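Chain order of the listed sequences is A and B.
Per the numbering used here, the first sequence runs over residues 1 to 125.
Per the numbering used here, the second sequence runs over residues 1001 to 1185.
Just so you know, these hints were derived from the structure itself, not from any lab.
Small disclaimer: the values here were computed from a predicted structure and weren't measured.
C-beta: ideal position from N, C-alpha, C; glycine also.
Treat the hints with care, since some could be wrong.
Listed next, with one range per pair, are the computed distances between beta-carbon atoms [stated by the list, open to error]:
| # | chain 1 | residue 1 | chain 2 | residue 2 | range |
| --- | --- | --- | --- | --- | --- |
| 1 | B | Asn1131 | A | Gln114 | 37 to 45 Å |
| 2 | B | Phe1132 | A | Met1 | 51 to 59 Å |
| 3 | A | Ala98 | B | Pro1033 | 37 to 45 Å |
| 4 | A | Lys78 | B | Ala1007 | 45 to 53 Å |
| 5 | A | Gln79 | B | Gly1042 | 48 to 56 Å |
| 6 | A | Arg20 | B | Glu1030 | 41 to 49 Å |
| 7 | A | Gln79 | B | Phe1132 | 45 to 53 Å |
| 8 | B | Pro1033 | A | Asp4 | 14 to 22 Å |
| 9 | A | Gln76 | B | Asn1131 | 49 to 57 Å |
| 10 | B | Thr1134 | A | Gly30 | 32 to 40 Å |
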Amino acid sequence: MLLDVLIVDDSAAIRKIVQRVLRQAELPLGQIYEAGDGLEALKALESQKVDLILADINMPNMDGLQLLERIKSHDQWKQLPVVMVTTEGSESKVMAAAKMGAVGYVRKPFSAEQFRQTLDGIFAV
Amino acid sequence: MKTLDHAKVTDAVRVATREVFSMMMGLEVEAEPAYEEANSTGNVDGVVALIGLAGQWTGGGVVQCDAPLARKFYASLLMTECDPANEGISEEVLDAVAEIANMIIGNVKNAMERDLGPIGLGIPSVVYGRNFTTRSAGSNWIVNPFVCDGGRLLVKFCLTPPMNAAGGPAELLGREFPRKHPAIA
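Excised from the complex, chain A in its bound form (with noise of 0.2 Å):
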């Protein structure tokens, strides 16, 4: 099965380097998508089925936490898993999109393994 993946940061350099450390990891990666915050990351929704979605939580507009409330209320969305890929390390917001439902978190800065390793969990690939 190959991954098709949503990148929401609302840097242009992270998703890009984000996309790279997929790459390098080897997954069966399908088509990756972009979006630069979280109301743009709801309409890629929309319009694009995927099966994982990477979210900062710092980010305008609509932050990664709000993302993935409205993800996990959604009845199509739900099911789908979210990892935070964030500089945010604050015991708060990391437990409470644990407690959203979100499946990992990856801290910025990362290497390709540590990102890796959080997919494996997730997917064991």
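Start from chain A and add chain B according to the hints.
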């Protein structure tokens, strides 16, 4: 009352900066002695990325470098080349410096939260220009210079404590750094 430990700030800045540069960019940074700076940076040529910090403690972080170094950072972060004929700063370079600032200041914030309680991290703003001045109302900056790839990077951090019972800012303790960079003191 909780106080800002400047030595801890410097340790956190050095750890975060080394980690970001080594893990994300494959670059080494060499730390120089930290110092304290008044809230006006004087004349700046280059790129300055600023991030606000909010909560009971308020302040911000700055990452500052010249244009050639900013282009090197972009090229290292994205594993690409900058056009050597183009000495300007593109949107992509500004975005890369903003993200570097986000990662460094965000991780310093995470470290300081253990002593000071929750602190919110803002969205970075980045400025490129010549002969400009930045100013921030509040306490002095703790400035950590680094040498990287032949250039000089400055990482600045400041936090102002919560108001005391009388409504004034609580006193900062631990100002153990010189007022000016040792090289010009």
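Tested hints:
no. : hint                             : in the structure
1   : B:Asn1131 x A:Gln114: 37 to 45 Å : 42 Å, holds
2   : B:Phe1132 x A:Met1: 51 to 59 Å   : 52 Å, holds
3   : A:Ala98 x B:Pro1033: 37 to 45 Å  : 41 Å, holds
4   : A:Lys78 x B:Ala1007: 45 to 53 Å  : 47 Å, holds
5   : A:Gln79 x B:Gly1042: 48 to 56 Å  : 55 Å, holds
6   : A:Arg20 x B:Glu1030: 41 to 49 Å  : 27 Å, violated
7   : A:Gln79 x B:Phe1132: 45 to 53 Å  : 50 Å, holds
8   : B:Pro1033 x A:Asp4: 14 to 22 Å   : 50 Å, violated
9   : A:Gln76 x B:Asn1131: 49 to 57 Å  : 54 Å, holds
10  : B:Thr1134 x A:Gly30: 32 to 40 Å  : 45 Å, violated
In terms of the numbered hints stated before, the structure departs from hints 6, 8, 10, listed from lowest to highest.
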